[in-house]
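Take a look at the letters that make up each chain.
Protein chains: 2
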Amino acid sequence: MIAFNVLLFEGFETLDAFGPVEIISKLPKIYKLDYFSINGGIIISSQQISVNTLPFSAIDTTGVLLIPGGLGTRKLIDDIDFINSIKLLSQRASHVLTVCTGSALLAKTGLLHGKKATSNKMAFDWVCSNGNGVNWTKKARWANDDKYYTSSGVSAGMDMTLGFICDIYGEETAQDICKYIEYIWNRDKDNDPFDP
Amino acid sequence: MIAFNVLLFEGFETLDAFGPVEIISKLPKIYKLDYFSINGGIIISSQQISVNTLPFSAIDTTGVLLIPGGLGTRKLIDDIDFINSIKLLSQRASHVLTVCTGSALLAKTGLLHGKKATSNKMAFDWVCSNGNGVNWTKKARWANDDKYYTSSGVSAGMDMTLGFICDIYGEETAQDICKYIEYIWNRDKDNDPFDP
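Chain order of the listed sequences is A and B.
Numbers given in my numbering equal positions in the first sequence, counted from 1, plus 2.
Numbers given in my numbering equal positions in the second sequence, counted from 1, plus 2.
If we strip away everything but chain A, and leave its shape as in the complex, we get (with noise of 0.2 Å):
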């Protein structure tokens, strides 16, 4: 069983991290869940949804990171042991997954650096400041660079947990997982509606 972590911390976006996570739970026979933040105990979501998680350090590292976005990564963005914390994460992980403001807490690791990848429209120019050097790309309803995927906003990220699968699982994998959820996938990573 490959380990999918997703990270949790006061403020996060409901969706962004969820989406991702019924989509992976998909795949029961590959993938075990498990939910974290630094220090563990109850991480509370914009949306006022009381999760409990487990601390940073009983993560096995070498699983797939999803990192989330939402209101709480403006003050991240500044917590030097938090950045820190998630490069060393990031830089064990198999693969790293960002959605939305997610993409600037990557960035500000560095790890981005000369790589292409995307945020979401509504903050874009502040994830943009987060990470110089980043190929930002503003067009794209996820970007895929090296072990690193990133999306636009909230929702995006569901399409791109299924594009991830569909380039390690292939496409009948993804289409299934589709069936089952009766989800419509904007399969196509470059087109993005939110930027015409």
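It should be emphasised that the hints constitute simulated quantities derived from the structure, not laboratory data.
Worth double-checking, as some hints may not be accurate.
Heads up, the list lumps identical chains together, so a pair's fine if it works in one copy or across two of them.
As the list claims (entries may be wrong) - Computed list of lysine to aspartate or glutamate pairs in DMTMM-like fashion (alpha-carbon distance at most 25 Å, straight line):
hint	residue 1	residue 2
1	181	192
2	34	12
3	123	173
4	181	127
5	191	178
6	149	192
7	140	178
Once you have looked at the hints, place chain B on chain A.
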């Protein structure tokens, strides 16, 4: 503020509940989101998310009710106390929204008798068997009859919630939410790509 009451239970499907929640949260001056289970406390979703909840007794019963589906419904459908509780809550609620097999729980109360409703494709026969006298419609992204909104599988709950918002607050409000969370809305409730 209108209470938007999300009913959770062991083995609820994450996106059934938290997809609609994401959308409703973009009307923060109208709705207040809260999460409930029959006795309160920690509830674990089918995706292993541990969520803290309040008991049913704490619900502002005049609000909107959201009933997700998930594997947990298979046990609850025969739990008379639970079904009686959601019957009472549904009678008092201004609107009741169900996603996926959550439609079976609502149907079991008898409140959908003579009304048009839908559910997911994978469990459609099982859902129908728990709602005699309901006008079950398989080809529907979602259905609305009186104060009841019922959706097909998992992801369709988000389209339905936008439809609910559109009906009450107009299409511009629904489209603004789509833009904000970069969600590609299937806005025609009769357009169901999963029952071609």
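Hints and how they fare:
1. For a Cα distance limit of 25 Å, the shortest separation of residue 181 from residue 192 qualifies both inside one copy, at 22 Å, and across copies, at 17 Å.
2. Proximity of residue 34 and residue 12 under a CA criterion of 25 Å is satisfied in both settings, with 23 Å inside one chain copy and 18 Å between copies.
3. Proximity of residue 123 and residue 173 under a CA criterion of 25 Å is satisfied inter-copy only: 21 Å between copies versus 28 Å inside one chain copy.
4. In this assembly of identical chains, residue 181 and residue 127 lie within 25 Å of each other by CA distance solely across copies; the values are 17 Å between and 36 Å within a copy.
5. When the C-alpha separation of residue 191 and residue 178 is checked against a cutoff of 25 Å, the pair qualifies both within a copy, at 19 Å, and between copies, at 22 Å.
6. Only within a single protomer do residue 149 and residue 192 lie at most 25 Å apart by alpha-carbon distance; the minimum there is 18 Å, versus 40 Å between protomers.
7. In the homo-oligomer, the alpha carbons of residue 140 and residue 178 lie at most 25 Å apart only across protomers (19 Å), although the nearest pairing inside one protomer, at 29 Å, exceeds that limit.
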